[in-house]
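> Residues per chain are reported as follows:
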Amino acid sequence: MLSRVYKGMLGILFLSQASVASAEMSIEIIGAGEYQTPVAIAPFGGDVKLAQSIKDVLVSDLLRSGLFRMIDPEGSSQRAPAEVIYPDWQARGAEALVIGTVAAKVNGRIEAQFQLLDVVKQVKLSDQTVSADEGQARAIGHRMADLIYEKLTGDKGVFNTRIAYVNRIGQKFNLVVADSDGYNEQIMLSQNSPIMSPAWSPDGSHLAYVSFETGHAVVYAQSLFTGQRKVLADFSGSNSAPAWSPDGKQLAIVMTRDGGSQIYLVRPDGSGIRRIGISDAIDTEPNFSPDGQYLLFTSDRGGSAQIYRMPAKGGLVQRMTFGEGNNYSPRYSPDGKSFVFTHYKSGKFFIAMQDFMTEQMEILTEGGWEKKPSFAPNGKLILFASEARGRGILATVSRDGRVKQRIFSQSGDAREPMWGP
Amino acid sequence: MKRFVFSIVSVVLVSMLAACASEKPKEIVAAPIVEAPVAAQPAVVETAPIAAPAAVVDQLNDPASILAKRSVYYPFDVFAVQDADKPLVQAHAKYLSEHSERNVRLEGNADERGSNEYNLALGQRRADGVKKMMILAGAKGSQIKTASYGEEKPKAAGHNEASWAQNRRTDIVY
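Protein sequence lines correspond, in order, to chains H and E. Just so you know, the first sequence maps onto residues 22 to 442 in the numbering used here. Just so you know, the second sequence maps onto residues 172 to 345 in the numbering used here.
This is chain E alone, in the form it adopts within the complex (with noise of 0.2 angstroms):
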């Protein structure tokens, strides 16, 4: 009897769980989408050449460099790349200039409001925004590739500030 009335309880919580979450399909989506530039990155392990010495560590793995951050924000339907910003590109382009056998991947975002073609449009001037920055600051051209996900592919996906902040960005993917 008892294990009779456990079962029917979990049903119906089991049953308003899938309730509640078939209500909100866009938090469903959101999770898998999430990315984490820096904590999801694959430790890159480098191709030494031999001859260099054994002793010198990829700043790239330094969790502590600059270099770990990967994301660069922006305010409402603005491409340039903010001040707060300018040190972590020029950082990634110091970087590339000095390791011209990396390439990165620049993929701009947006948040929802605009059309989604007009987003698109935005997030790709958002992400050769930075790399014209990059290029000025060393990197070659030809180490930069960019892209752009408009706002088909959130971060965040909440139809407010918080969310939005979180989805106007360009990422820095090596």
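Only chain H is shown next, with the shape it has when bound in the complex (with noise of 0.2 angstroms):
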């Protein structure tokens, strides 16, 4: 009887706990970039609670790239570029200033019109109005980051983008896609079986990925939009490791029907299957240079496993990566000159990067459980599986190695993220 009690009981405890741990979600950002601009974002204008909601996401988004602090806009109440006075925000240090009025228009839409001025050479750099659906304050809040880094950086914001990863919490694996920062998490597939590597279509419409649910790795290509999903391979053995072309016109995956782990190309329909690479070893992990050329891949046949690059049409195979210890996992930059990867040596993974004009291996993390590095679409920033108090995490590290946060959520485990467009 007693025991009967307690195990209710520890249902019941366990239940709340774990749901308390998938309410919260948590970043921690450590390190800062060379140079922060500071930057203060007067309270907006029009609907309080909406405005303040809004402002959050922008400030931690900002925050978050490591290229910005906060001046205090403690007592401002100017809302219009005629209102702005600039002696006393160069008093308090800021460099750049936000102002905006944000409103709830009775079409179920929300706006936010802002302005971004340089405080130093007191003149308006952008007037911008962003709108979305009712319910989509952090979307807004996103673009607005966007619009603001891209003003003061000269590159292009990536916090209104997406991200997809695995999430096993206990023998469930959940295919999620989230926010640049982690929330507004959604579910694609939810099963009891493993799920891997999701690779995102170009345009964002697409997720293809791997799952046992059949009881081998299948291929399959999903639609954001519809939920409906096809099967791109299905063949004995296993079928893995997809990657879309930049033209979204056709997928590299990796088939063992013939042999052997070897690189195909398959349409999105699952069509016009061909093989392009040949070896006797293990071949895997194809993905696309951004002008369709070429294909980085993982291979064995030196002997471990390391980095080689061939042409997209197949042909000549060229080794990338020497020295001590393994490599997995490439993606190329966004501007085509250098590619991440997981370095494996002395029983720990690091994320690295080599350029390929100097060939030089730059490793950008501390090192300990950090697997299967993407991109964000600017270069800019790299994210990657990490791990933290016993737990699968997802983790970001800009591309010079300054900047480095860890996202906390849920209560499972984040594996094979991939930064989408």
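No wet-lab data here; the hints were simulated from the structure. Watch out, some of these pointers could steer you wrong.
[Stated by the list, open to error] Only part of the chain H face toward chain E is listed, based on derived beta-carbon distances under 10 angstroms: (1) F194; (2) Q212; (3) P215; (4) F233; (5) V275; (6) T319; (7) K393.
Every value quoted in this text rests on a predicted model; they were computed, and no experiment measured them. Virtual Cβ for every residue (Gly too), placed ideally from N, Cα, C.
Assemble the dimeric complex from its two separately framed chains, guided by the hints.
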């Protein structure tokens, strides 16, 4: 009797703790950019609650980049450029100022009108209006952050982009799509069999991935809009490692139907399968160059796992990584000039980057259980899987290695992340 | 009063337990996944042809037989069947060659070192290597299916060699 009560209580407590954990999400930022632009964001006019929630997203996006620090706008009620007293902001140390107004419109849309001002030169840098459907306040904050980031750094922002990853909770595997800050999670697929290797179509409309639901590895492609999916490859043995070509017209996949793990091309409807690599080694994890001409991939043809490159049409294979340790999971940078990969040495996994010109490997992280890097669309940040406090988590590192963030979401293990468009 | 104190103590205990458990999701994960191919193997019922002598006992059900062993183990990043496991693979091949109505599924696995995709490929190569050896020893290719789980279904969840050694494995599943 006692044990039954005990078990019941354990169940209830366990559930309540799990749900608390899943409701909380925290992001830790470590390090800072070489120079952090001081930015003040004045309280927005209009709907107070909405204004605050949009501002919160905007502030946390800018802080996460490591390139900005926030100047306290305490006491300011300046809402229009004409009301701005520049010497006041200069005295507070701000170089840039954001003012604006948000409103919930009768048509169910939310609208934010905002100006970015250069406090030093006392000029308006931009004047924009951003709108979204009701309930999409986060999207407005991300869009504003993108526009401000781009004006102040010259690089495109990635706050309004999405990521995909696999979350494992006990025996359950969820394929998750979320905003780039980990919020706004949507589960695309939930099952008790493993899911691996999500890959974004270039237009962000589809995810290809590997699922074991039929007892072996099969490649599927699923629409994010309709949720409908189709089989891309289901041959005997393993079908895996999907990667879209930049024009979205084909995917590179890996199959074992003709022997070992080899690279093939297939159209997004599953037709036109043809083999492009021939080796008696493991060849896997293909990734297209931004111009679609080459594939980077992982192979153990030299005796240990290393990164190689070959023309996407097939042809001469070139080894890219040398030296001690093993290397896995290559991904081109968006400008095609370098690639990131997982480096394994002396029992630790690191995120590393290599320039095609210099052929020098640069290690970006401290090392630990760090795997599967992918670039943000602007090439400035790298998303990867890490581990902290006994859990699999998502993490990012800036391209120069200076700014890192760790995203703690949910209660499960985050794995296999991929930054989308 | 006593009862009240007791219930507080048990709530605290339970909550500590729950906290402990929730901090170690990996260990929770491991428990239900653990496969015990030998013990969990359902007693296979021979669809014995009427003409066959009634006294024939299926070796597969004999816990003393080498066939009771259903896993092949490997060193790190190696897919060749090791000498120690060759008699086991050959015994299963012989059994299959003598029981053409039987089929097996070979499930390759890898430890968590390496990328998930590389480990999927490695697990597949391990399973395919066992298949090749079984065919050389007399089994028919049509009796054998292979699959890989890579590092996705670890038998042991630790980040250490003791766990990894158990996870570098091909399971022979009848």
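> Need the list of violated hint numbers for this structure, in ascending order.
2
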